[in-house]
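Asks: These protein sequences, in sequence, are chains A and B. Each residue of the first sequence is one higher than the one before, counting from 1 in the numbering used here. Each residue of the second sequence is one higher than the one before, counting from 1001 in the numbering used here.
Since the hints were made in silico from the structure, they are not lab data. Worth double-checking, as some hints may not be accurate.
Claimed, not checked - Okay, derived cross-link-like pairs now, SDA-like style, lysine to any residue, Cα gap no bigger than 25 Å in a straight line:
1) B:K1097 <-> A:T76
2) B:K1097 <-> A:R59
3) B:K1003 <-> A:S58
4) B:K1059 <-> B:E1005
5) B:K1097 <-> B:E1054
6) A:K57 <-> A:P8
7) B:K1003 <-> A:L60
Said to hold, decoys possible - Label-pair restraints from in silico Cβ distances:
8) A:Q54 <-> B:K1059: 29 to 35 Å
9) B:E1052 <-> A:K14: 44 to 50 Å
10) A:G16 <-> B:Q1014: 48 to 54 Å
11) B:N1012 <-> A:L39: 18 to 24 Å
12) A:K14 <-> B:Q1002: 33 to 39 Å
13) A:R81 <-> B:T1018: 47 to 53 Å
Cβ atoms here follow ideal geometry from the backbone N, Cα and C, with glycine treated the same way.
As a plain string of letters, each chain reads:
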Amino acid sequence: DTGVSQDPRHKITKRGQNVTFRCDPISEHNRLYWYRQTLGQGPEFLTYFQNEAQLEKSRLLSDRFSAERPKGSFSTLEIQRTEQGDSAMYLCASSLGLAGGAGEQFFGPGTRLTVL
Amino acid sequence: SQKIEQNSEALNIQEGKTATLTCNYTNYSPAYLQWYRQDPGRGPVFLLLIRENEKEKRKERLKVTFDTTLKQSLFHITASQPADSATYLCALSNDYKLSFGAGTTVTVRA
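Please take these sequences and the hints and turn them into a complete structure.
Replies: The structure is reproduced here in structure tokens:
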């Protein structure tokens, strides 16, 4: 257990429905990331928060996706009008903001989304 | 566009032997390279980080090398154990964002 929790662990939904995932990072970590992972691939970066500010969004993140991190604590990722191509594992990670670049990231267990 | 390639074949080795995994990249000059372990149905777990000005790093039975000229990292697991069976991911970055390879699955036979 890395200390990062995600909820729910599994979500099955029908195409066209909206879904929301939650991530609780390690409390002293100011950086929070969302990644998406499909079978046989490595995680792909979606978005990044430093405290409550969303500083980068991947072009993978279409306008159906939105993420928030109110008060710089937990984060939510919402997918509107889900499509079958959204089926994947959604991973949240957190880290300390180290000067000069990337430090280790602590990943949660992921939320596996299945869109029928 | 940048490309990160790891051993395409899964690695199947005998307990006690050394597993060597490769990570090659193109169109990228990362300042950092990290290795993560991922077990089925779980998130990746950090193992090692090596900086562009470092050639080698060790942690217990793990060793990582980083050759920025060849654009390659090698990851070694010495005296392998069945508990080392997992998928190993390399990840490159210049700042906060990690770019991952597809991973190499290692199976250690008792």
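Asks: Would the pair K1097 (chain B) and R59 (chain A) pass a check requiring their Cα atoms to be no farther apart than 25 Å?
Replies: Distance ~14 Å between K1097 (chain B) and R59 (chain A) Cα, so the pair holds.
Asks: Are the Cα atoms of K57 (chain A) and P8 (chain A) separated by 25 Å or less?
Replies: Given that 25 Å is the threshold and the Cα spacing comes to 23 Å, the pair holds.
Asks: Does T76 (chain A) lie within 25 Å of K1097 (chain B) when you go C-alpha to C-alpha?
Replies: Holds: K1097 (chain B) and T76 (chain A) sit about 19 Å apart, inside 25 Å.
Asks: Check the hint pairing K1003 (chain B) with S58 (chain A) against an upper bound of 25 Å on the C-alpha distance.
Replies: 16 Å, holds
Asks: Okay, Q54 (chain A) versus K1059 (chain B) on CB: inside 29 to 35 Å?
Replies: Holds, since Q54 (chain A) and K1059 (chain B) (Cβ atoms, about 33 Å apart) stay within the stated range.
Asks: Is it true that the C-beta distance of N1012 (chain B) to L39 (chain A) lies inside 18 to 24 Å, as the hint says?
Replies: At 20 Å between Cβs, range holds.
Asks: Does E1054 (chain B) lie within 25 Å of K1097 (chain B) when you go C-alpha to C-alpha?
Replies: 20 Å, holds
Asks: CA of K1003 (chain B) to CA of L60 (chain A), is that 25 Å or under?
Replies: Roughly 16 Å separates the two Cα atoms, so the pair holds.
Asks: A range of 44 to 50 Å was offered for this pair. Does it hold for the Cβ distance of E1052 (chain B) and K14 (chain A)?
Replies: Because 47 Å falls inside the window, the suggested range holds.
Asks: Is it true that K14 (chain A) and Q1002 (chain B) lie within 33 to 39 Å of each other by Cβ?
Replies: Check passed, 36 Å falls within 33 to 39 Å.
Asks: A range of 47 to 53 Å was offered for this pair. Does it hold for the Cβ distance of R81 (chain A) and T1018 (chain B)?
Replies: 50 Å, holds
Asks: Given a hinted range of 48 to 54 Å, is it respected by the beta-carbon distance of G16 (chain A) and Q1014 (chain B)?
Replies: 51 Å, holds
The earlier numbered hints are all upheld by this structure, with none contradicted.
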